[in-house]
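Undergrad: Order-wise, the sequence lines are chains A and B. Numbering follows the working numbering, with no gaps: position 126 of the first sequence is 121. Heads up: take any position in the second sequence, counting from 1, add 53, and you land on the working numbering.
Calculated from the structure, these hints are not laboratory results. Wrong hints could be hidden among the right ones.
Unchecked claim - Okay, the calculated beta carbon distance ranges per label pair:
hint	chain 1	residue 1	chain 2	residue 2	range
1	B	R173	A	R34	35 to 45 Å
2	B	Q164	A	F3	42 to 52 Å
3	B	S160	A	C53	25 to 35 Å
4	A	L25	B	A120	19 to 29 Å
5	A	E30	B	Q164	39 to 49 Å
For every residue, glycine included, the Cβ atom is placed at its ideal position computed from N, Cα and C.
What follows is the residue order along each chain.
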Amino acid sequence: MNNVVSRFAYRLLLRLHPAPFQHEFGAEMLWIFDEEHQRGASSYLLFDGMLSLLRQRCRMPRTSGLLSIRSGEIISTPGVGPLRLLQAGVTSFAILFSIMLLSSRSSPLMVSIRWSEQTPCYTITLQSSTHMAEIRKTMP
Amino acid sequence: MASDPTRNSPLSPATLHILLALARGNLHGYGIIQEVARNTDGRYRLGPGTLYDNLKKLMDTGLVADAPKSSSSKRKSAAAKEDDRRFYTLTKEGRAALTVEVDRLQSVVTQARLRLQEARSGRA
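If we strip away everything but chain A, and leave its shape as in the complex, we get (with noise of 0.2 Å):
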């Protein structure tokens, strides 16, 4: 049963990515879900999920006055900006991040925040014993 519900948001996960992304890796995503699932890495590969909605919602270019309501994809309005997305993803993933500690029994996932003046950009670690997800974004 547990499985089922993991695969099936993790399946919600990846249909909330745009659609190109989605098309494009979706289906091997999910395969590798599957993969990765039997042993039994669910929560991480959900958080990663996350993760990785939220790198590709932030990266989407916006579409001023067009309304969109396809399969998967967020409305984008002049109304609906980068920085509200932003709010959404922050706060989904709050959520996201409350279940996953409340129901781990496994052991805590490390967040860490890198700077880098040379570049300069900024890397976000979130790192479990066995797995390694991050965000790196640089700075124009």
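We have chain A; now place chain B onto it with these hints.
TA: Frame of chain A; chain B shown alone:
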């Protein structure tokens, strides 16, 4: 897309590990994850989200490309399904960027060793 190979330097850890994994040969997504885990003795394990986000960026910048399907993919075997997967290959530009990054890391290690040696001899 001929460009300056230092343009992408420094590479993020995930990018570096993906390029290193592909330096040994063409791999599909899960193959890259497994290769990275093998190369790091399981200390660094990429999630599919991180992998494909980085792969997309690498493909957009021309460092990684889709690998051409091998003629052996027509064979009917247990590996036939695996052959249907999308394989990725390191491009010439990708190899050049990896070489530049490895050289950069080499110089960092050399500098670090020198500094540590100086600090040690200063204390003695």
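Undergrad: Decide, hint by hint, whether the structure agrees.
TA: Cross-check of the supplied hints:
1. Taking the beta carbon of each, R173 (chain B) and R34 (chain A) are about 42 Å apart, inside 35 to 45 Å as hinted.
2. The hinted window of 42 to 52 Å between Q164 (chain B) and F3 (chain A) holds, with their beta carbons roughly 50 Å apart.
3. Between S160 (chain B) and C53 (chain A) the CB atoms are about 34 Å apart, so this pair conforms to the stated range of 25 to 35 Å.
4. At about 21 Å, the CB distance of L25 (chain A) to A120 (chain B) agrees with the hint of 19 to 29 Å.
5. At roughly 41 Å, the beta-carbon separation of E30 (chain A) and Q164 (chain B) lies within the given 39 to 49 Å, and the hint holds.
Hint check: no violations occur; every hint is consistent with the structure.
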